Amino acid sequence: MLVQTVRRPIAWRPLLHPVRHFRFYSTDIEKLKKVSDTNESDNSASTTGVIDRKHSEVLLYYDHVYPFTLSRNRLAQYLSRFTLPWSRKYDDEKLKEKVWTLSSPLPTGSRITEFVPLKRDCGAFVKFRYPPEVDVRKFIDDIRENVRKNDEARANANFVTKFFSTVWSTYPKVFSVKGVPWIEDLRRFPSPKISVKFEGDPLTEEELYVLFRRYGLINDIQPGPTEAFIYFHNITAAVCAKHCITGMLLDGGKTVLHIQFVPIQRNNFLVNVISNHTRIAIPILFALLATFAVLIFDPIREWFIEYKIVHSGKTFEQIKQNRWFKYLYVPYKTIVDWTYSGYDYLDHQIHEVAGVKPEGDDDDSSSDGQSVRNLQKESSMFWIERYEKSKQLQLWIMENANTFIVVKGPQGSGKEEFVLEHSLGSDDRLNKKVLVLECDKLGKSRSDTNLIDTTASQLGYFPVFTWTNTVSRFVDLGVQGLTGQKSGLSESKETQIKNMFLLATQAIRKITSSEYKKYVKSVERRNNRLKDDEKIEVLREEEFLQQRPESKPIIVLNKFARRADVLANDFVYPLLADWASGLVQNNVAHVIILTADIGSLLILTDALPNQVFKDISLSDASMASSKQYVCDVLKIKDTGPLDSCLAPLGGRMLDLQSFIRRLKSGESPQQAINEMITQAAELITTFFLSSHHRFGAGDRTWNAAQVWLIMKLLTQCETISFSELVKLPLFKASKETMETLTTLEKYDLISLQRDKGVLSKISTGRPLFKAAFENIISDKRIWKLYETDYIGALIAVEVTKIQKMEDELEKIYKIGKVDGRIDYLARKIEASNAKILDYEKKAADVVAGDSKNSSFLGIKF
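Position 100 of the sequence shown, counting from 1, maps to 100 under full-length UniProt numbering, and the rest follow consecutively.
I should point out that these hints are in silico values taken from the structure, not numbers from a laboratory.
Wrong hints could be hidden among the right ones.
[What the hints assert, rightly or not] Keeping only pairs whose Cα atoms sit at most 25 Å apart, straight-line, the calculated BS3-like set for lysine-lysine is:
#, residue 1, residue 2
1, K441, K559
2, K178, K138
3, K637, K732
4, K732, K712
5, K761, K732
6, K732, K614
7, K842, K712
8, K614, K627
9, K444, K432
10, K96, K178
11, K712, K780
12, K761, K712
13, K841, K801
14, K149, K96
15, K517, K493
[Said to hold, decoys possible] Derived Cβ-Cβ restraints for the label pairs, each shown as a range:
#, residue 1, residue 2, range
16, S514, I384, 35 to 45 Å
17, V726, Q679, 28 to 38 Å
18, F229, W100, 34 to 44 Å
Remember, it's a predicted structure, so these values are computed and weren't measured experimentally.
Even glycine gets a Cβ: it sits at the ideal position worked out from N, Cα and C.
All chains should be modelled from the sequences, with the hints used to inform the complete structure.
Listed below in structure tokens is the structure:
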């Protein structure tokens with residue numbers, strides 16, 4: 001019935017004679033190959049893409065010659081091109097033997113004359129020569145039958161092979177090649193859809209089905225006048241059809257078939273959803289990506305923070321005791337010792353021959369090491385005065401009750417050394433879990449990226465991807481343009497810094513939990529060896545942490561301040577205060593805050609409003625300790641000649657060290673102290689007295705006249721009474737006055753002394769500044785400049801008063817006659833006017849160079 005539906009008979013025969021003048025492609029392949037083979041030595045199928053066939057030869061196609069189907073995976077198709085030299089398990093000769101074994105037994109005289117593997121398609125073309133007396137059809141049928149029987153015998157050999165053969169049938173099938181196969185290695189990978197192009201008359205759908213059905217199940221056929229499409233059920237069938245039928249001649253050479261694979265255009269469901277529902281899909285996608293990133297990177301970052309806290313207190317000597325470190329360090333140290341010992345031997349021999357003693361072989365060769373030890377001892381002597389305070393700090397931590405400790409002291413007073421080296425470093429129980437945060441580095445960060453990098457470095461937060469901030473902003477902007485709403489991918493720097501500290505809290509809590517777990521396991525192991533009535537009760541975690549203060553990490557916030565140097569980073573200090581207070585309130589860490597800015601206590605009070613801080617105040621060392629320190633470092637017995645030079649330095653550690661360095665560099669004591677005073681004076685005039693200075697613009701709450709007045713007062717007396725200071729015209733407004741004084745204290749120009757929490761006296765912040773004040777005031781040129789400016793500020797205060805009173809008088813005249821108020825304002829105006837005249841006379845005297853007026857408006861201190 002099927003044959004009756006065909007329009008014309010189909011003539012199938014191989015290409016034996018050239019056929020010319022077709023519409024699309026030249027089919028005279030054999031003739032073209034002969035012409036191209038002239039003067040060529042390599043005419044194999046892999047080079048020309050065409051397999052020659054002679055009389056008594058038959059060309060067959062074997063599929064599944066290779067063990068796995070690579071054509072289903074494009075990546076595998078690429079990888080299949082690369083094989084290692086020692087992994088040529090399926091080379092051509094072995095595959096040829098495999099095909100011969102599967103096809104045997106064959107008639108005598110039969111042999112394989114050519115074997116062309118197609119690794120990409122997992123098949124091979126095999127050309128057989130058969131005896132002339134054997135019918136070619138019977139020869140092909142015998143091969144197919146032999147292949148089937150041999151594969152069944154192999155599959156039934158054992159249970160495993162039978163199971164895999166049943167689940168995944170990969171036995172080879174043999175097909176007769178009816179056309180002229182085109183062996184190409186183009187980047188056209190197999191697919192179940194093939195394109196059949198006709199040279200000549202087209203074929204109907206029925207004819208195409210009859211022609212292609214033998215290679216496998218067909219899902220659909222789309223005929224056409226010049227091209228038809230056939231959809232096979234699987235790729236293997238399409239591969240076999242393409243290799244066996246392409247180039248086939250039909251209807252006496254009037255029709256030639258050319259077959260190619262057609263890549264199937266697949267619809268990606270995820271891409272369609274995102275493109276069609278951007279308002280919903282993009283935010284969900286970003287949320288999933290953010291969640292995925294958190295699940296992967298947050299545990300890593302938490303581990304790095306934990307590692308920094310736990311290992312920050314370890315010295316190199318302690319690290320070298322680690323077993324794994326020894327495996328790496330010992331061989332390295334051995335090689336280095338060999339190298340240096342060989343070098344020292346040669347160096348010694350050379351100098352010995354030359355008659356010169358090698359450097360370092362004299363009697364003082366060990367003086368360097370001894371001097372280092374002496375320096376350490378001498379440095380420790382400087383802290384003898386603070387020994388009791390150091391013990392108090394350790395006691396507060398071991399008491400473990402509200403361990404929120406504030407260590408106050410002026411800049412250069414050695415707060416960091418006092419806490420880290422002499423208080424925590426000297427106690428093996430407290431120096432194992434310490435995290436030090438340099439707050440000033442956070443406040444000085446000039447950009448968002450720099451702030452995030454600095455915070456991550458301080459916490460040990462790794463990895464951190466600062467470049468994602470810029471990308472996320474652009475993505476957020478693009479999403480907002482597409483969907484009309486933000487994706488939420490972009491976060492402010494405040495949120496990012498807060499998230500980093502929240503993760504640090506988790507890491508700290510994990511450290512305390514791990515300590516508690518160790519305690520529970522140790523108690524359980526001990527209880528297993530004891531009787532029921534002797535077993536120890538396991539404490540709850542809160543009780544354990546309360547009894548074991550050394551189990552909690554110690555967080556040190558160094559150089560805590562009230563304001564950041566960069567205004568955009570002012571949020572950092574309140575954030576640090578809230579984070580530190582949360583650690584103490586949750587009983588997971590001890591917190592020690594080092595500050596030289598008394599105003600920063602207001603931020604701490606806001607973070608812990610219902611708690612009284614434990615504070616330690618560090619002042620400068622006594623003159624006796626300072627002299628002893630200088631004697632020890634300079635190796636002198638008496639500082640008598642230096643006493644006059646040490647007096648201006650007070651007990652400030654940084655200034656003493658700077659003075660000692662100058663003496664060691666060759667300067668005389670007087671020259672060294674004069675140079676230090678000059679530098680301090682230059683700092684004061686540049687930073688505090690210059691009206692054009694913009695450093696710390698957010699803290700610039702003072703004016704040069706106020707600083708000049710304070711300098712003059714402090715040169716006459718050691719301290720200034722605050723109650724008397726606020727009576728002066730330039731310090732009348734109480735709120736602005738406190739703001740000015742606390743800011744000047746922050747920059748170490750003055751020091752504020754309080755009595756029961758109330759400001760009482762003002763002194764010089766840095767001892768060297770007192771000598772600098774005297775140096776500035778003694779300079780007549782500078783005196784004229786700033787004294788004139790000071791008097792001008794006083795005149796401006798009185799002028800402002802007069803203007804206010806004149807405005808009030810104008811309003812009174814509009815209302816009516818008020819004699820009493822008018823007389824009062826008139827007297828006040830006259831008094832202010834008299835002051836202005838007096839100020840102008842003083843200013844003229846200053847300009848004229850008369851003797852300095854040191855009465856300071858008649859106020860004595």
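A quick look at each hint next to the structure:
With a C-alpha separation of about 9 Å, the suggested pair K441 and K559 falls inside the 25 Å cut-off, and the hint holds. Distance hint between K178 and K138 is fulfilled; the C-alpha atoms sit about 16 Å from each other, no more than 25 Å. Of the supplied pair hints, the one linking K637 and K732 is violated, its CA atoms being roughly 52 Å apart against a limit of 25 Å. Under the criterion of a C-alpha separation no larger than 25 Å, the hint pairing K732 with K712 is consistent with the structure, at around 18 Å.
This hinted pair checks out: K761 and K732 have alpha carbons roughly 16 Å apart, not beyond 25 Å. With a C-alpha separation of about 34 Å, the suggested pairing of K732 with K614 is violated against the 25 Å cut-off. Distance hint between K842 and K712 is fulfilled; the C-alpha atoms sit about 16 Å from each other, no more than 25 Å. Using a Cα cut-off of 25 Å, the hinted pair K614 and K627 is violated, with the two alpha carbons roughly 32 Å apart.
Among the hinted pairs, K444 with K432 is inconsistent with the structure: their alpha-carbon atoms are about 29 Å apart, more than 25 Å. With a C-alpha separation of about 22 Å, the suggested pairing of K96 with K178 holds against the 25 Å cut-off. For the given pair, K712 sits about 14 Å from K780 by alpha-carbon distance, which is consistent with the 25 Å threshold. Pair hint K761 plus K712 holds up; C-alpha atoms about 16 Å apart against a cutoff of 25 Å.
A threshold of 25 Å between alpha carbons decides the hint, and for K841 with K801 the separation of about 20 Å falls inside it, so the pair holds. With a CA separation close to 18 Å, the supplied pair K149 and K96 stays within the 25 Å bound. A C-alpha spacing of about 36 Å is found between K517 and K493, which places the hinted pair above 25 Å, so the restraint is violated. Evaluation of the 35 to 45 Å hint for S514 and I384 yields a pass: the beta carbon distance comes to about 38 Å.
Between V726 and Q679 the CB atoms are about 32 Å apart, so this pair conforms to the stated range of 28 to 38 Å. About 37 Å separates the C-beta atoms of F229 and W100, a value consistent with the hinted range of 34 to 44 Å.
Consistency with the previously given hints fails for numbers 3, 6, 8, 9 and 15, ordered from lowest to highest.
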